[in-house]
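Asker: The residues making up each chain are set out below.
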Amino acid sequence: MDFDVMVIGSGPAGIQAAIHSARRKARTVLLGKAGNSAMAGAKIENYFGTGGPEDGSALLAKGLSQAEAAGCSAIGKNAVSASAAGGSFSASLESGAEISARAVVLATGVSRNSLGIPGEKELFGKGVSYCASCDCNFYKGVPVVVIGGDSEAALAAELMTGYASEVRWIADGVAADPILVERARRAGAALAVGRPVRISGSAGVESVALADGTEIPARGVFIELGGRSSADLAMDLGIMPEPDDSVKVDGGCRTSVAGVFACGDVTGRPWQVARAVGQGAVAGSNAADYSKGAGS
Amino acid sequence: MVLELTDETFDAFVRDNPVAIIDCWAPWCGPCMRMGPIIEEVAHTLAGKAGVAKLNVDENRNTSLKYSIRAIPTILVFKDAVLVDTLVGLRQKEDIIESAL
Ligand SMILES: Cc1cc2nc3c(=O)[nH]c(=O)nc-3n(C[C@H](O)[C@H](O)[C@H](O)COP(=O)(O)OP(=O)(O)OC[C@H]3O[C@@H](n4cnc5c(N)ncnc54)[C@H](O)[C@@H]3O)c2cc1C
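Protein sequence lines correspond, in order, to chains A and B.
Heads up, the first sequence stops at 296 in the working numbering, and the numbers go up one at a time, no gaps.
Heads up, the second sequence stops at 101 in the working numbering, and the numbers go up one at a time, no gaps.
Calculated from the structure, these hints are not laboratory results.
The reader is advised that the hints may include incorrect statements.
[What the hints assert, rightly or not] Below, in silico cross-link-like pairs of lysine-lysine (DSS-like), each with a Cα-Cα straight-line distance of 27 Å or less:
| # | chain 1 | residue 1 | chain 2 | residue 2 |
| --- | --- | --- | --- | --- |
| 1 | B | Lys49 | B | Lys66 |
| 2 | A | Lys140 | B | Lys49 |
| 3 | B | Lys79 | B | Lys66 |
| 4 | B | Lys93 | A | Lys121 |
| 5 | A | Lys25 | A | Lys43 |
| 6 | B | Lys93 | A | Lys248 |
[Claimed, not checked] Chain B regions said to be covered by chain A (calculated; three or more residues, Cβ under 8 Å):
| # | segment |
| --- | --- |
| 7 | 16-24 |
| 8 | 77-84 |
[Claimed, not checked] Reference listing, derived: stretches of chain A covered by chain B, where coverage requires no fewer than 3 residues with Cβ under 8 Å from a Cβ of chain B:
| # | segment |
| --- | --- |
| 9 | 18-31 |
| 10 | 70-79 |
| 11 | 225-237 |
All residues carry an ideal CB built from backbone N, CA and C; glycine is no exception.
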């Protein structure tokens with residue numbers, strides 16, 4: 001599917017960018033899951049015009065229908081990779097679909113990657129990993145656990161079946177596309193619903209404990225939350241992220257790659273809705289103009 | 001400009017440099033690609049004070065096994081041939097320099 005503007009991320013930044021882009025009559029597609037926005041489930045205290053604490057999920061839902069009413073196609077799927085070639089950009093979705101566009105708005109927020117459970121920090125590098133594709137080779141022939149319910153976890157579970165002796169995939173809810181879940185299962189990953197509460201081991205990981213008391217023996221634990229990270233997507237598009245994973249933009253929300261714009265928490269602090277939508281408006285308008293050859 | 005070590009040259013490098021900083025990496029690893037330029041800067045800043053090198057863990061399994069490397073990037077810091085610090089994951093230039101001083 002071919003568009004003028006592809007917005008990656010369905011938080012306030014991406015939704016606002018999509019609204020501005022679509023209202024400028026650019027054919028606009030919006031990717032990502034609003035339910036994964038930092039704002040989902042949060043009480044927004046200080047946003048203009050709301051009169052006080054406002055339900056973040058409700059604002060997101062209204063914003064999404066506003067974007068669709070403006071003519072944007074919203075696809076509630078994660079991008080699993082992106083690429084740039086010959087002045088156009090494309091993204092592969094977890095559903096297998098390929099999307100291409102003349103301009104991209106990166107609005108993926110701040111990736112949450114750690115679980116914050118006991119043992120996680122202590123055993124990082126001693127069995128705990130946040131990058132299955134980096135570290136798979138170190139876990140040949142040993143049992144591993146993959147944690148997370150979204151597309152990155154599904155891909156990691158599938159990948160690890162090619163290395164580990166046994167792959168247990170633990171999620172406290174599955175949000176990954178059914179196609180990816182099926183692929184991981186068919187490859188041999190055993191999916192179980194559960195919430196990890198502790199990682200144990202001394203010299204290296206020995207087991208993962210779940211909230212229901214189950215203790216799963218494992219030598220490796222891959223923590224893979226959400227979709228492909230902002231930093232990885234930026235690198236896919238030829239942008240070198242800052243050491244803190246943020247993406248640098250100028251006042252027009254332009255990144256170092258022509259045609260790629262970024263807005264919201266992914267561009268740095270303060271992490272606030274007002275800043276996200278402000279940058280979203282700029283990025284969406286400039287991306288629409290860029291896609292029509294009007295420069296930016 | 002940062003030297004690439006192998007299983008064969010690793011020990012000599014650690015022995016010959018009073019302070020040795022070795023970035024263990026692999027070509028398919030995104031965070032390792034980001035570490036590359038940072039390590040170059042560390043080498044530049046510490047020129048004459050520390051030996052800075054890289055080790056491709058994919059091609060040099062023995063060394064990775066010996067130091068129990070299970071995640072990349074990992075930076076090994078040696079002083080007088082003794083391992084004094086292991087930094088796992090993407091690190092800032094300042095962190096690496098601090099651990100070597
Ligand atoms: C508990 C809490 C309370 C808060 N209170 C306030 C407040 O009172 N006031 C305030 O201003 N701010 C508040 N914030 C911060 C605010 O929620 C964020 O600043 C804001 O949501 C950032 O918007 P964003 O669009 O940049 O990123 P996000 O809202 O995080 O959205 C990112 C989007 O990108 C998507 N995405 C990520 N990876 C991919 C991928 N690979 N493919 C496709 N899509 C992807 C995600 O699914 C999500 O839809 C609060 C946050 C929290 C957690």
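Asker: Hints numbered earlier in the text: which of these fail when held up against the supplied structure?
Answerer: 2, 5, 7, 8, 9, 10
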